[in-house]
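Residue numbers (this note's numbering), protein chains in the order written: chain A, 1154 to 2041; chain B, 44 to 160.
Worth flagging that the hints you see were computed from the coordinates, not collected in a lab. Any given hint might turn out to be false.
Cross-link-like lysine to aspartate or glutamate pairs, in silico, DMTMM-like; alpha carbons within 20 angstroms at most [unchecked claim]:
#	chain 1	residue 1	chain 2	residue 2
1	A	Lys1217	B	Glu154
2	A	Lys1501	A	Glu1743
3	A	Lys1485	A	Glu1213
4	A	Lys1172	A	Asp1183
5	B	Lys131	A	Glu1706
6	A	Lys1501	A	Glu1159
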Amino acid sequence: MIGVREFFSRLRNEIGWRKEERDLQAELADHLARAEHDNRARGLTPSEARRQARLALGGEDCAKELQRDARGLPWLSALRQDIAYAARGVRRNPGFALLAVLTLGLGMGASTAIFSVANAVLLRPLPYANPSQLVGFSYVRHRGGGTVSSPYVSLNQVEAWRSDSRTLASVGSFVFSALPVRVGDQSVVLATVFADPELMPTLGVVPMVGSNLSGTGSTHKDNSAVISHRLWSEVLHSDPHAVGRTLLVNGESYTIVGILPARFQFPRRDAAFFPEQPELLLPVANIADVWGRDSAQWIAIGRLKPGDGLAQAQVDMDALTARLSAHDPGMKGISVRLEGLQADTTRKARPALMIVLGLSVVLLLIACSNVMNLLVARSAARGREMMVRKALGATTERLVRQMLTESACLTLIAGGFGIFLAALGNRALLSLWPSFLPVTGNVGLDWRLLNFALALSLVSALAAGILPAWHCGRPQVEERQPGERATGGRSFARLQRGLMIAQVALGMALLAGAGLLVNSLGRLNAVDPGFRTAGLLGFELTMPTQPAKSQAEFRQRRLRIMGLYNTILEQMRAIPGVVSVGLITNLPPETRGGMFMGLSIVGLPPKGAQSCNFQITSEDYFSTLAVPIVAGRNFSANDNFEAPPVVIVNQAFAQRFLQGADALDRQLTASFNPGAPRRIVGVVRDMHDRGLGVPSIPTVYVPFRQFAQAYGAVVLRTNLSPDAVFPVVRRRLNQAAPVVALDHFTSIRDRIYRTLDEPRFYTTMAATCALMALVFVTLGLYGVVTFSVLRRTAEIGIRTALGASAATILRGVLWQGTVMALAGVGIGLVLALSAGQVLGQLLFAVKPNDPATLAGAAALVTLVMLAASYIPARRASRVDPLIALRHE
Amino acid sequence: MAESKLDVLQGTLDLMVLQTLAVLGPQHGYGIARRIEQASGDSVLLNQGTIYAALVRLRQRGWIAANWGISENNRRARFYALTTRGRKQLASDASYWQRLTAAVGRVLALEPEREGQ
């Protein structure tokens, strides 16, 4: 071992190599001159004196070499030589280097880009203080043998946990919402969070300016607001005196008390109903009573006491739930599950991302083994050179080191290229990014990503370098048989075939997996939504509301809202080119939101806690969507505030709650007005209004003339383009109802398209991996067969000379490629079948062992492999025996 | 002739160089090499070339310092001198060497013991 001081001294000498050489030269010259002088003084002849001086020195070059080794870092010089040698190799054979760098770079680029997604979603710690102490809560209901978990809990439970838990240091709760806010002369809908004052301290987040919400729990009502950094900078123009200013939110004046930090993101975006980042933080107390403290619609986040583990907290929570359930019938059959907040947030996205990450790793493996094959081929081709170098005295270790240096150089270049590609790929992935994937922070290339890329580079270098290095370390000069050609032996060919079959197998499995996903996406796309989408547009409406202080005021407000909706619908109907207009609570398809309320059927015993989706509609809604009423009647304008309360249910409702019995004239009671049972007057056909491929859920439709709600959505059927309709809609809405904010204007087809963002995202990633794998494997097989043809040129020449026809030769070579392809496809099929189960949960209407997909993938791989071996096979069949034999 | 001379043991050359510099003061490489040969009564077989590797080693450890000067006949010559650290190193190395040789001497002086049985 050398010390640090010596290391740096040696390093300095390495850097100032030329000067050190000059000095050494001068020193030795001085030495020889002195020795010669002394020798002459002893009476020797001048020439003898010089000879003796050199003899005593033991050879000038030897002395220099000894001194160089002592003064510098020998491994560094060797490395320099190796790199120079590798560079010379690249210049001599740029095609090889280009192919290796491209293959490895593409493989690494894809893996790194996909890793960046996995990193942002699964690995990057949440941007809160000590994020590992944070936990999320879920209600787990046992239903039909399985369990259903939901991130929404009741406020009453939150209060109980806060006061009674021994393992939770604090609990914060909140709910995502959207409110109309007056900005300038327009009403805009802003994503909003209603939270208790405990939420921010639980997350460990302090407002950048000003203070948090005040009070404790969900009882302290006041009109204070904490705003996002974006709202502050973009709407308030970074006003330094923003704290204390007021905002007109939901028709009421709110005072800004604080501004959130720029990088702050609200937690549990996976549980939000809309993709926008919330811009407002308001006291949950303001809506707690109206929305219902005991309904499971709130999101809770807890912080464990330092030193308390999740398991301990769960035990504590189970005991607590058992105790609380005794007093709370709503908690019957529900258990509360605690989970690390990060794991809880990524629960839904994880399987798909893990699978895609797995696919990208397989792609990297293929790229590595491809490059390894290239290196093996090259080192086989360089067998003669290695023999010569060994004969000249190069040690095995030195040869191995040089081969490793070469592959490391290639890999590092490929790594740089890969990082570049990853940055590009990252941008492409971001444009495909499904808005609901819970991301924390930017999905950029960060140090963690670079480390990953570097680690990949080095592992690849070792993998790609170790085999050829080991091979070139083996040949002993004396082991070579005189007749053996220097273009590589049988062991190379065997190794190559093995690698090739492994590549085909992995590529086949990848293609099969991606094929299943593509197939599944195709079937999802082809699902009939159950309503006519052509020419259907929609937008959302939000109007300010305040809880009424008296019954009379309540009634008056409701009438006002109903009047507003009526006006809006009339205005929309009057737009030229609009055929039909309907009102609904949530625009179809709505994959997350909904108005989930408890219900009971009069005369039927409840089966545990019953709830379903309530939708407020106009009488034109079903006709606008072209969904038939299958029994009973539609709503009419007469189903108003004065008339007896009625509802229409869908088939799924009848099935679930009435066991398919006749639904008409049954009465149901909804939790939002328990005193007034509503009569079922019609049954509407089920539609996929929760997303394609998602089964219909029990839904109750309530006429808007009987129940008012401050938010809703309008659907229009028109033969005009959305772009033509939008300005008219906006103008008419602004004139007729300036307090109403319009949001999310879109074609329904576009909305349906976006519900498939997530499957499209991972399917695109998987398909990209699979296609790249196919290209790699094709190039790989082409390379291997070409190499074997080259190796066997002489043999083929002899066979041709002995009368073998071109067709025979062609068949022979083709057969060789086919055997590898078929072996690989067979193994790949087994792989695909055994790994297919993992994919199962992502597939829609496609079984993981779908014969058509697997057969298609197998056929594609086989065909491409045949094509890849055909080219070299043809070349082989045209070998001129004379040239081939002269080649020997 | 070669058989009668002693090969320089690994590590001992460094010690001899340090000692030579301690006795002679600043000296060039040739001078050091000659001095070691003379002092040992020409009984040490010194490949003079190895002296330069030793000098680099000692310099890198900070035990000697090198300065360029002009020799009597106007050539550039490098002179080496002991540093303070080198002097300390010499003292400890010398005493180590002496203890070692004494111990080796004692072991070699052992009489062969009678075989049992």
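Subject >> Those earlier numbered hints the structure runs against, lowest number first >> reply: Numbers 1, 3, 5 and 6 - these are the hints that the structure violates, sorted from lowest upward.
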